[in-house]
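> Listed below, chain by chain, are the residues.
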Amino acid sequence: SQTIHQWPATLVQPVGSPLSLECTVEGTSNPNLYWYRQAAGRGLQLLFYSVGIGQISSEVPQNLSASRPQDRQFILSSKKLLLSDSGFYLCAWSRIWDSGEQYFGPGTRLTVT
Amino acid sequence: EDKVVQSPLSLVVHEGDTVTLNCSYEVTNFRSLLWYKQEKKAPTFLFMLTSSGIEKKSGRLSSILDKKELFSILNITATQTGDSAVYLCAVQNSGGSNYKLTFGKGTLLTVNP
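In order, the protein sequences belong to chains A and B.
The first sequence: position 4 = 157 (my numbering), numbered continuously.
The second sequence: position 19 = 241 (my numbering), numbered continuously.
Hints are computed from structural coordinates only; laboratory data are not their basis.
Just so you know, even glycine gets a beta-carbon here, dropped at the ideal spot from N, CA and C.
Mixed in with the good hints, there may be bad ones.
What the hints assert, rightly or not - Here are the simulated DSBU-like cross-link-like pairs (lysine-lysine), alpha carbons at most 30 Å apart as the crow flies:
1. K233(A) <-> K279(B)
2. K327(B) <-> K233(A)
3. K290(B) <-> K262(B)
4. K279(B) <-> K289(B)
5. K263(B) <-> K233(A)
6. K225(B) <-> K289(B)
7. K279(B) <-> K232(A)
8. K290(B) <-> K263(B)
Unchecked claim - Now the stretches of chain A that chain B is said to cover, found in silico as 3 or more residues with beta-carbon under 8 Å:
9. 168 to 181
10. 217 to 223
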């Protein structure tokens, strides 16, 4: 069976510090991978998606970036965090790249102070 | 811009009650509508609807889509405390190349014993 992991579960970082969140998927190959942010009072917002190694598409302009160094690894990064980066970050995967049926990881709660 | 509006934003019921959650949407190129359940962290997939008038059912949960009036409902019968969660509605856009999901803010359902 497939499982998706995210770490860390919670993170408190000062403004201006770097960020690295990691997501890995087990039990499947060539998954489509997604990063979402869920801010208070707002719906899930798609940040990045990837259909293969090294292929990253960005949905919203921001100071975040994503990378996919391995088939089942997806990393969300920032060089300098802003207060507005606080939120709940969810990684998800899907089998078929045009399918809305996605499987989410447990998420990372990021607080920027 | 695609838009999803869910109502009510929150709902409190007693065990055994039947509830109906609403989702209305605007999307330029409709591909599918999805329902997810988010208990504490990771949303879990419930249903994907693509055709009007065809009910999807899983146990006590059912959902139907009306593509003419641009809405969907999620019904839960004989509610249990384990149904307490945020229910998310999303629409998938088939325009462009990313088949992006746009989520609503969710309905917080609380089922009291």
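> Determine for every hint whether it applies to the structure shown.
Results for each hint:
A threshold of 30 Å between alpha carbons decides the hint, and for K233(A) with K279(B) the separation of about 46 Å lies outside it, so the pair is violated. Of the pairs offered as hints, the one joining K327(B) and K233(A) holds, with about 28 Å between alpha carbons and a cut-off of 30 Å not exceeded. For the given pair, K290(B) sits about 34 Å from K262(B) by alpha-carbon distance, which is inconsistent with the 30 Å threshold. Distance hint between K279(B) and K289(B) is fulfilled; the C-alpha atoms sit about 18 Å from each other, no more than 30 Å.
With a C-alpha separation of about 26 Å, the suggested pair K263(B) and K233(A) falls inside the 30 Å cut-off, and the hint holds. Note on K225(B) and K289(B): the hinted pairing holds, with a Cα-Cα distance of about 14 Å set against a maximum of 30 Å. The straight-line distance between the Cα atoms of K279(B) and K232(A) is roughly 46 Å, outside the 30 Å bound, and the hint therefore fails. Simply put, K290(B) and K263(B) have alpha-carbon atoms about 33 Å apart, too far for the 30 Å limit, and the pair is violated.
Interface restraint, the segment 168 to 181 of chain A with chain B: violated (0 residues with C-beta to C-beta distance below 8 Å; minimum three). Residue count for the segment 217 to 223 of chain A with a Cβ under 8 Å from a Cβ of chain B: 0. That is fewer than the three needed, and the coverage hint is violated.
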